[in-house]
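Assemble the complex: chain F is given as a structure, and chain V must be docked to it using the hints.
Just so you know, the protein sequences line up as chains F and V, in that order.
Quick note on this note's numbering: the first sequence kicks off at 1 and runs consecutively.
Quick note on this note's numbering: the second sequence kicks off at 1001 and runs consecutively.
Quick caveat, the hints were computed from the structure, so don't treat them as lab data.
Incorrect hints may appear among the rest.
Some but not every residue of chain F turned toward chain V, in silico, with C-beta under 7 Å [stated by the list, open to error]: (1) Met-305; (2) Ser-307; (3) Thr-310.
Chain F stretches covered by chain V per the calculated footprint, using a threshold of three residues with CB under 8 Å from any CB of chain V [to be verified]: (4) 24–34; (5) 82–88; (6) 144–153; (7) 215–222.
Derived, one-sided and incomplete: chain V residues facing chain F with beta-carbon distance under 8 Å [to be verified]: (8) Val-1031; (9) Glu-1078; (10) Arg-1079; (11) Met-1180; (12) Asp-1237.
Virtual Cβ for every residue (Gly too), placed ideally from N, Cα, C.
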Amino acid sequence: MAPLNSLEKEYPLIDANFQTFCASHAIYSVEDFLLHDLDALFASASNPSTSHRLKQLLSIIDALHPPLINGLQLMEDAKQNKHVLSTGCEGIDALLGGGLRAGQLTELVGPSSSGKTQVCLMSASTFAKHKGSVIYLDTGNSFSPQRIAHFVGQSSDCVSGNQADRRSLQKVLDRIICYPVFDVYEMFDMLHQLKINLTSEIVKSDRHVQLLIVDSISSLITPILRGNGPQGHALMISAGFLLKKLAHEHNIAVLVTNHVVGGEDGNSKPALGESWKSVPHVRLLLSRDCGGNVCNISIIKHPAMASGRTASSIRLFV
Amino acid sequence: MFNEERFSSLITTSCVDLDNILGGGINCKEVTEIGGVPGIGKTQIGIQLAVNVQIPLEYGGLGGKAIYIDTEGSFMVERVLQIAEACIEDMSEYSHHFHKDNQAYGVKMHPNSILENIFYFRVCSYTEQIALVNYLDKFVTEHKDVKIIIIDSVTFHFRQDFDDMALRTRLLGEMSLKLMKLARNFCLAVVMLNQVTTKHIEGSFQLTLALGDSWSHSCTNRIILYWNGNERHAYIDKSPSLKSASAPYSVTSRGIRNSTSSSKRIKMV
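So here's chain F without its partners, still in its complex pose (with noise of 0.2 Å):
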C-alpha cells in the first residue's frame, strides 16, 4: 500500500498538515488508514479543516470500490451483455453450451501438440468472421496467418483465389491483432493498456473486443513460480484477476491456454498449481491419439456444465 507522502501529488488534500496529523496517529500509508479507528480520528481532529479533509477522503474511498448490484442486475447484464459466440468448431461449441461466454475465463489444458493453439486459431477466425475484434498475445511465435486463412476459407464455401476473397479475409486479419509477448511483464503492461483503451474508447459497433487469447500463460508464469518468495505466485493470481476483470467489465471472452506436467502417479495434471486451479471459469482437457488428426476435449470444471462431458472425433488438424 502506497505511503500517504506519494499520493500528495495525486489528491492536493494530503498536504502536509494533514501528513503530521496522520503521523501523530502512527499512519504512515493507506493501509494504517484504512486499519484505524475513523470515529476515534474525527474525534481527535482538533480543527474543522482536518475533519473535512477526513470526510473527503473517506468519500474518495467509498468511490473505489465496484458498486454493488443484485441479483436481477446480475440477470439482465448477462442477457444483454454475456453473449456466447461459437467458436467455429461443432464438437466444442457443443459441449460447452453454444460456444466461449462472454465475461468468462476459459482455459485449454493439454500436453504438447494435442489442438490447443488449433482452437485458439480457430476461435479467433470465428470471432474475427463475425466482425468481433481479437487480441492475440502469442508467446511461442505460433500465430500463423496461414492457419487462419484456412480456416476461413473452410467455412465459407468458396474457392479462394479471387478479388473479393481475398478483400474480405483481409479484413477478417486486420480485425485479429496479435502481439508478442515474451515476459509476465509485458504481459501486465499490454494488459493495463488495454484497459486503458477499453475504459477510455467510444464503443463502435464493429471494432468491439470480443476475444483475448493468451497462448501460451503458462510459458509466462512458469519462469517466476517458486522462485524467489511468494512473488511470483502473487503475480499468477494478479494476472488471473486481471483478466477475469477485463472480461466481466467489457464483456470480452477470454481464452487462455496452459500445458501439462507429471503428477504424483505418473499422471498429467494442468500446470500452474493448486491456486489456479480455482481461476478460470471453464477448465478443457485436450488430448490427441497419437499421430492421429482426431482431438478429444473433455470438461475439468465449468459453472453449469456436469464435468467429464467428453466431446470427441473433432477434426481440428486437417
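Below, chain V without anything else, positioned relative to chain F:
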C-alpha cells in the same frame, strides 16, 4: 491495427522430401526443435543448415550468417568443410543448368568464406549456456545478418546432476522465452537439437524428448528423427501450421540429401 503478413523466409534442408513436409524449409521467426536418438543425424542437419543459410539470394537462399552453439563438442570442422564444398558444387551445377543461355553466373563463394560466416561458441556448463543466450541479444544487434542460431544440444548441460528440479524448470522456461524473443525480433530461425530419454507410460517404456513436459511447450515446431528399418525418417510432431507428415532423408558424404533420389541437385525454390 496491424495486419500480419507472412513474409516467409525459409532455409532449405537440402533434402527435397524434408523441405516439402516443412513447407519449404525451416522457418525464420520460429523456434524449431529437432530431436532423435544418438547417431541419427541431428548434428549433420545442424551443420547442413548452418551452411545452407549462407546460400546467396540469387540461388534462393538467405545469404545470412549462422551462429552455432556447441555443448557437446560434436562440431567437426572437417565435416563442415566437406558439406560446404558439396554445397558450392551443387550451386555451380544449378547455375550451369539454368543459366546455360545467359553468361554463366560464376559462383563467387569459397568454402573458407562459408566457414568464416559461422560463429562458433562452445559452452561447458549450464551457466555458460544461459549467459550466452543473454549475450546473444547484443551479439545479433551487432551482426545483423545472422539468420540462424543452432544449439546443439540444448539439453546436455541440464540433464546430469541437477538437484533442484524447480530451478531447472524455471531456467529452461526463461531461456526458451528469450530464444523466442530473439527469433521474433531479429527475424531469424532458432534450431534446437535435443536428445531422447525413456518415459514410462502405461506400463511400457517409450522414447520421448528429454527435459520433460514443460520443455515440450517451448518450441514452435518440433521434428522427431527416427529409424524406420534401415532408413532415417523425419516426422513433424508439433506445428501450428503444418500437417503431421514424415519424410525420409539420408546422410551422405555431401551432407543431408534425399534418400532414394539419385540426383544430387538441390531443388531451389
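Status of each hint after checking the structure:
no.: 1; hint: Met-305; verdict: violated, 27 Å
no.: 2; hint: Ser-307; verdict: violated, 23 Å
no.: 3; hint: Thr-310; verdict: violated, 19 Å
no.: 4; hint: 24–34; verdict: violated (count 0)
no.: 5; hint: 82–88; verdict: violated (count 0)
no.: 6; hint: 144–153; verdict: holds (count 4)
no.: 7; hint: 215–222; verdict: holds (count 5)
no.: 8; hint: Val-1031; verdict: holds, 7 Å
no.: 9; hint: Glu-1078; verdict: violated, 35 Å
no.: 10; hint: Arg-1079; verdict: violated, 30 Å
no.: 11; hint: Met-1180; verdict: holds, 6 Å
no.: 12; hint: Asp-1237; verdict: holds, 6 Å
Figure legend: structure checked against the earlier numbered hints; hints not met, in rising order: 1, 2, 3, 4, 5, 9 and 10.
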